[in-house]
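*Asks:* First to last, the sequence lines map onto chains A and B.
Sequential numbering of the first sequence, starting at 1, is according to our numbering.
Sequential numbering of the second sequence, starting at 1, is according to our numbering.
Just so you know, these hints were derived from the structure itself, not from any lab.
Honestly, I wouldn't trust all of these hints.
[Claimed, not checked] 25 Å max Cα-Cα, derived DMTMM-like pairs, lysine to aspartate or glutamate:
no.: 1; chain 1: A; residue 1: Lys70; chain 2: B; residue 2: Asp30
no.: 2; chain 1: B; residue 1: Lys68; chain 2: B; residue 2: Asp56
no.: 3; chain 1: A; residue 1: Lys98; chain 2: B; residue 2: Glu108
no.: 4; chain 1: A; residue 1: Lys98; chain 2: B; residue 2: Asp30
no.: 5; chain 1: A; residue 1: Lys56; chain 2: B; residue 2: Glu103
no.: 6; chain 1: B; residue 1: Lys24; chain 2: B; residue 2: Glu108
no.: 7; chain 1: A; residue 1: Lys70; chain 2: A; residue 2: Glu15
One letter stands for each residue in the lines below.
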Amino acid sequence: SQQGEEDPQALSIQEGENATMNCSYKTSINNLQWYRQNSGRGLVHLILIRSNEREKHSGRLRVTLDTSKKSSSLLITASRAADTASYFCATDDSGTYKYIFGTGTRLKVLA
Amino acid sequence: DAGVIQSPRHEVTEMGQEVTLRCKPISGHDYLFWYRQTMMRGLELLIYFNNNVPIDDSGMPEDRFSAKMPNASFSTLKIQPSEPRDSAVYFCASRRAGGNTGELFFGEGSRLTVL
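Starting from the given sequences, assemble the full structure and let the hints guide the process.
*Replies:* Structure representation (structure tokens):
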């Protein structure tokens, strides 16, 4: 399979709680990106982390990257009902422009 | 900027018919990608172009699928003949070469149902 794996596949939390989702990938990369997809819509870019970075923050988002384990995590702090969506990681396959997406985590934030 | 524009948004057709999906990338973007999304297989990269030239079409499932990019502002994905297993949401995305974010900009997708 060309895809990476994300876990959990689905996550349900209460508003205000933190949400953590994980991504594993298979090839060497230059960078890893996280995207969000609302139901019935296209994907929207959230954040990019380069292979020489270990952690990156953007607002309520925190991304970590462990290239030795070929894994990344996305943390959303103080979640809101509006964060309800599917979240995908994407890697540039062996440093090409061929972006491979993971299987996604469906997040539901209950108000 | 209007973003990546895809048409049609929804298409229902019968098995055996030809389907053409269209995409207008963001002006100035050098790369264009076609993805297919299904519940079973997730997001699959079908093909991508750089400066209108196909770079990697290894994800195109079979000869029934073809994609073209006649100019920098237009691309098509054609399925002929269509089959029920082609039912999916097809996304087009574009990006600039280089840049700091490496961000892909996605269209809203074309939902295809083949009966």
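*Asks:* All hints are to be evaluated individually against the structure, with a verdict given for each.
*Replies:* Status of each hint after checking the structure:
no.	hint	result
1	A:Lys70 / B:Asp30	violated, 29 Å
2	B:Lys68 / B:Asp56	holds, 12 Å
3	A:Lys98 / B:Glu108	holds, 20 Å
4	A:Lys98 / B:Asp30	holds, 14 Å
5	A:Lys56 / B:Glu103	holds, 16 Å
6	B:Lys24 / B:Glu108	holds, 12 Å
7	A:Lys70 / A:Glu15	violated, 30 Å
The structure is inconsistent with the numbered hints 1, 7, although it conforms to all the rest.
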